[in-house]
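Enquirer: All chains should be built: construct the whole structure from the sequences, respecting the hints.
Residues 1 to 412 (full-length UniProt numbering) make up the sequence shown, in order.
Some clues are possibly wrong.
Within a straight-line C-alpha distance of at most 25 Å, the following computed SDA-like cross-link-like pairs (lysine to any residue) qualify [as the list claims (entries may be wrong)]:
no. : residue 1 : residue 2
1   : Lys163    : Leu329
2   : Lys365    : Asp384
3   : Lys157    : Leu232
4   : Lys148    : Asn182
5   : Lys163    : Ile92
6   : Lys246    : Asn295
7   : Lys45     : Ala77
8   : Lys34     : Met57
9   : Lys163    : Glu127
10  : Lys155    : Leu232
11  : Lys163    : Ile181
12  : Lys157    : Asp293
13  : Lys34     : Ser71
14  : Lys342    : Thr129
15  : Lys193    : Ser251
16  : Lys180    : Ile360
17  : Lys371    : Asn179
18  : Lys34     : Phe19
19  : Lys207    : Lys34
20  : Lys180    : Glu135
Each pair of labels, with its calculated beta carbon distance range [stated by the list, open to error]:
no. : residue 1 : residue 2 : range
21  : Ala77     : Asp145    : 46 to 56 Å
22  : Val314    : Asn50     : 19 to 29 Å
23  : Asn282    : Gly402    : 37 to 47 Å
24  : Lys242    : Pro351    : 31 to 41 Å
25  : Phe281    : Ile98     : 50 to 60 Å
26  : Tyr294    : Lys242    : 25 to 35 Å
27  : Gly402    : Pro351    : 19 to 29 Å
28  : Ala238    : Glu70     : 56 to 66 Å
29  : Tyr174    : Glu219    : 33 to 43 Å
30  : Phe330    : Asp358    : 20 to 30 Å
31  : Ala238    : Ser192    : 29 to 39 Å
Worth flagging that the hints you see were computed from the coordinates, not collected in a lab.
All C-beta atoms in this analysis are idealised placements derived from N, C-alpha and C, irrespective of residue type, glycine included.
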Amino acid sequence: MKYNTGKYLLYLEPSVFVFKRRSRILLYDSESSKKVIFDLTEPLKEIIDNLSNINNMYCVVLDDEALYDESVRAFVALLRDHYMADVIPNTIMPPIVIPPIMKCHADKSKEDIMHMQGTDVMQILNEITFHLNGECHQQCEFCLDYYKQFNCCYKDKGELPIKDVIRIIDNVIYGSISNKINFSGGNIFLYSKIEELFEYIRKTKIKSNLYFNYLNWNERYKEAIIDENFILHIYISAPINKEQIKSIIDSFKQKTDCLNFSFILRSEQELSFIYDIIDIFNIQQYTMLPFYDYNNIDFFRRMVYTDEKELISVTPTKRDIYKRQHVNLFDLGKLILSSSGKYYSNINFTPLGNISDDIIQIVGKEWMVGKSWKRIRSGFPCCDCIYQYLCPSPSNYELVIGQNNLCNVVFV
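Expert: Here it is as structure tokens:
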């Protein structure tokens, strides 16, 4: 369009998100996944501020002074080239554009939560992990550190009563649309009621996940596990015993799809060795779990931290961005019950209650005042970054490392 004298209207498409931070601006089209990044000039800043005002419905007037500014002209031209915006004469009725801002009802009052039906509250819960016992005879160097960074077995006090485990599972299964049931320890195979638990799983046909250290594998329970709907998540850390891995794989030759090996690693050297193990045993399903040991931050910067090139390539949907603006996608809907009988939404935070509490009240409490499910990138320096909500939600690594942003993005 050739701009003559007079005024025009600039409007954005409803799928376009505007992220203005410090001296830069990012516009992201959630439908086309196209991105436009610009350095902010004073004329552009005024236009962006007006576009971001929800009362203007993503539409602003461009007068002659603005259109004669080189940065504004380049900005408008680029948006139009990417079909993220358009310019129309001011004589035309301005379009009605609804900006992509979610009206969130997440912050319900305490009274609202108390009056919700139990099944409504339980829709939030989608995963529960039972640490059945704390007993284990292994001497893993970082036993009491692994579980703070990712779901892992660990030594602790106590053992969960089987009647309470079954009671809670029954409540979860019948109170939630979708759920994931996890069992861990200690050494889960030392749980005094493990056979009773397996029998309950057999009768109810509940799909379950078993988490354990590969050195704790007990051949005695092979048949019970093979016959039921179990997925095995097997933790392996250095030094690695190849014969033990072979023993586990040989036990499940007829059903290898139930095995998922989780390799804990602290360095590139360990990563190289792990890939050799994967090749030797033709392991098909595996997960890499980087572990921060307080001395390998350089490894994390190279292998775990996100860089700007990666962020530019991500393509979240409108719904993805909405979620990241309000909830933590790693933690949302998850509960942990420790072997000492305490409920957590995240093991790094204080407990929400104990095993005798109504699980509906536990879920409601975390939704209302908890620190985990609504932990988003609102802290510094993420709040000053244009990629704030294109980034994944904060993980446990941020909590353990003590840094809000695990990235190599340079802020300007």
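Enquirer: Next step is simple, just say for each hint if it's right about the structure.
Expert: Hints, verified against the model:
For a cut-off of 25 Å, the pair hint linking Lys163 to Leu329 is broken: about 31 Å separates their Cα positions. A distance of roughly 30 Å separates the Cα atoms of Lys365 and Asp384; the hinted pair therefore is violated under the 25 Å criterion. Only pairs whose Cα atoms come within 25 Å are accepted, and Lys157 paired with Leu232 is accepted, the gap being roughly 24 Å. Between Lys148 and Asn182, the direct Cα distance comes to roughly 17 Å. Compliance with the 25 Å bound is thereby established for this hinted pair.
Distance hint between Lys163 and Ile92 is unfulfilled; the C-alpha atoms sit about 70 Å from each other, more than 25 Å. With a C-alpha separation of about 32 Å, the suggested pair Lys246 and Asn295 falls outside the 25 Å cut-off, and the hint is violated. Taking the CA atoms of Lys45 and Ala77, the gap is about 16 Å. The hint holds against a cut of 25 Å. Our distance criterion of 25 Å between C-alpha atoms is met by Lys34 and Met57, whose separation comes to about 21 Å.
For the suggested pair Lys163 and Glu127, the alpha carbons sit about 19 Å apart, so the restraint of at most 25 Å is met. Only pairs whose Cα atoms come within 25 Å are accepted, and Lys155 paired with Leu232 is accepted, the gap being roughly 19 Å. At roughly 16 Å between alpha-carbon atoms, Lys163 and Ile181 fall within 25 Å of each other, so this suggested pair holds. About 24 Å separates the Cα atoms of Lys157 and Asp293, which keeps this hinted pair within 25 Å; it holds.
With a CA separation close to 20 Å, the supplied pair Lys34 and Ser71 stays within the 25 Å bound. For a cut-off of 25 Å, the pair hint linking Lys342 to Thr129 stands: about 12 Å separates their Cα positions. Between Lys193 and Ser251 the CA atoms are separated by roughly 23 Å; this keeps the pair inside 25 Å, and the hint holds. Pair hint Lys180 plus Ile360 holds up; C-alpha atoms about 17 Å apart against a cutoff of 25 Å.
A hinted pair counts as satisfied when its Cα atoms are at most 25 Å apart, and Lys371 with Asn179 qualifies at roughly 22 Å. Distance restraint check for Lys34 and Phe19: the Cα-Cα separation of roughly 14 Å lies within the 25 Å cut-off, and the hinted pair is therefore satisfied. As the CA atoms of Lys207 and Lys34 are separated by approximately 40 Å, the hinted pair breaks the 25 Å bound. Taking the CA atoms of Lys180 and Glu135, the gap is about 24 Å. The hint holds against a cut of 25 Å.
Our hint of 46 to 56 Å for Ala77 and Asp145 holds, since their Cβ atoms are close to 53 Å apart. Look at Val314 against Asn50: about 28 Å separates their beta carbons, and that is inside 19 to 29 Å. As the Cβ distance of Asn282 to Gly402 is approximately 40 Å, the hint placing it in 37 to 47 Å holds. Between Lys242 and Pro351 the CB atoms are about 39 Å apart, so this pair conforms to the stated range of 31 to 41 Å.
Taken as a hint, the range 50 to 60 Å holds for the pair Phe281 and Ile98, whose Cβ atoms sit roughly 54 Å apart. The hinted range of 25 to 35 Å is satisfied by Tyr294 and Lys242, whose Cβ atoms lie roughly 28 Å apart. The hinted window of 19 to 29 Å between Gly402 and Pro351 holds, with their beta carbons roughly 22 Å apart. For Ala238 and Glu70, the hinted distance range of 56 to 66 Å is satisfied, since their beta carbons lie about 58 Å from each other.
For the hinted restraint 33 to 43 Å between Tyr174 and Glu219, the CB-CB distance of approximately 34 Å keeps it satisfied. Between Phe330 and Asp358 the Cβ separation comes to about 25 Å, which falls inside the hinted range of 20 to 30 Å. A beta carbon spacing of about 31 Å between Ala238 and Ser192 agrees with the range 29 to 39 Å that was offered as a hint.
Comparing the model with each earlier hint shows violations of hints 1, 2, 5, 6 and 19; every other hint is respected.
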